[in-house]
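First to last, the protein sequences are chains A and B. Read in order, the letters of the first sequence correspond to residues 1 to 216 in my numbering. Read in order, the letters of the second sequence correspond to residues 217 to 424 in my numbering.
It is possible that some hints are incorrect.
With a straight-line cut-off of 25 Å between C-alpha atoms, the simulated SDA-like cross-links for lysine to any residue are [as the list claims (entries may be wrong)]: (1) B:K320 with A:G48; (2) B:K320 with A:D71; (3) B:K320 with B:E391; (4) B:K414 with A:D180.
Please keep in mind that the hints were generated in silico from the structure rather than gathered at the bench.
The chain contents come next:
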Amino acid sequence: MNHIPMRVIASPAVRPAKPTRRALAKQRTREKVLAAARQLFTERGYEGATIRDIAKAAGMSTGAVFASFADKSELFDEILAKDYALLGEAMQDAAKSGATVCEALSNLFGVAYRFHMKQLPLLQAGIASSWTRSDAGEQRNREALKPVMSLISDTLIAGVERGELSPKADLRLVSGIIWDVYLAGYRHAVFDSWSADDLTSRLSDQINLILAGVRS
Amino acid sequence: MGVREDQKAATRAKVVTAARDLFNEIGYDETTIRAIADRAGVSVGSVFTTFSSKADVLSQVMADRVGLLQDELTRVLPYLRGSTTDRICSIFAIHYDFECRRVKLFLAHIAASFSPSLEETTIPFGQNATFKNMLLDVLCEGVARGDVRPDADLDTVLEVLMASYSYNYRLAAQEDANAEQMTQRMERQTAIILDGVKPSLKGTASAI
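The shape of chain A in the complex, shown without the other chains (with noise of 0.2 Å):
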């Protein structure tokens, strides 16, 4: 947390005061740290990399990580919502460039495949961590996931009010489907050293099926 002086609270007139030493500090050592951890988690999965280790990369105590993340879970779902903030970005302009529903969402998900190809370990890791994650952990990923997941079905529900898609069709259920199907592709990313293009293409093919089951 930053710590703004009270002084400066007391004179609303003046532009807020630049960040204490202690707080730039702080935020220093929170990045520092993020840089380490997003390192060791991509070479070792979410088990693989310690405090201790990310700590030891990032030149400092497991005290000083402790004092800005309270647990491992936190600090990976911290570097994973940073990269959906930026992936959330680029996906809404890859939206709005389809014609049709279909060309909408293979945009899309095209710019989350190629996003996330170049760092295949980290996504691994975090859907490994997904299958055992805590509440709370639940929850932070969730929140992070909101502005894309909002995206996907906005998509469907203009696909809808073009005429696409029947308005009678469960578009949660629908969009899950789609999520799910998205997720599975990096299978073949892993095992199969498929490109992104690659799963793009196949991701379309999936994505006509499903949506001909709920067309006007």
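Put chain B on the given structure of chain A with help from the hints.
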């Protein structure tokens, strides 16, 4: 020599049973080889003569279970009735019912199959050929029966069904869902997926 082999087999069986129970009771990561050895009533050393690692133990626990599930499915298969959707749902229902008996164990298996250090002997989750072939057979019969369009891409249908089936286990992980709840969701998903490949009323090809 025969005695040695018998002993080894007995140790293996004890370790597999102990591990299966511990992974399900307290979780895979929380379970140590020591704990498994203690529960099995054998030494840590003797565990390592049969298994190379904890991941190896997990993969052998799961391999043993596959046979049991297969038996249940084979028994039930001749009795499947109804539309293609019904039959597909029945197959998934049996899987959910079986795996939910030891759900924590199954979730550990899923998580392990995404691990960067996958044991070679592990059947990664979702790669069970017998399971997939069984579904494919039902889909093919569906074409013969007129439930499924002849030009449907059955491999794609299978992929989409399998992805939905697999990720429904997240409901067990996150919301403590039981087999029945997961089966109900799978039924709704299967209905949409197979609606996408049912023959159109006029008998003409659809948008795909």
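Evaluation of the provided hints:
no.	hint	in the structure
1	B:K320 with A:G48	holds, 20 Å
2	B:K320 with A:D71	holds, 23 Å
3	B:K320 with B:E391	holds, 13 Å
4	B:K414 with A:D180	holds, 22 Å
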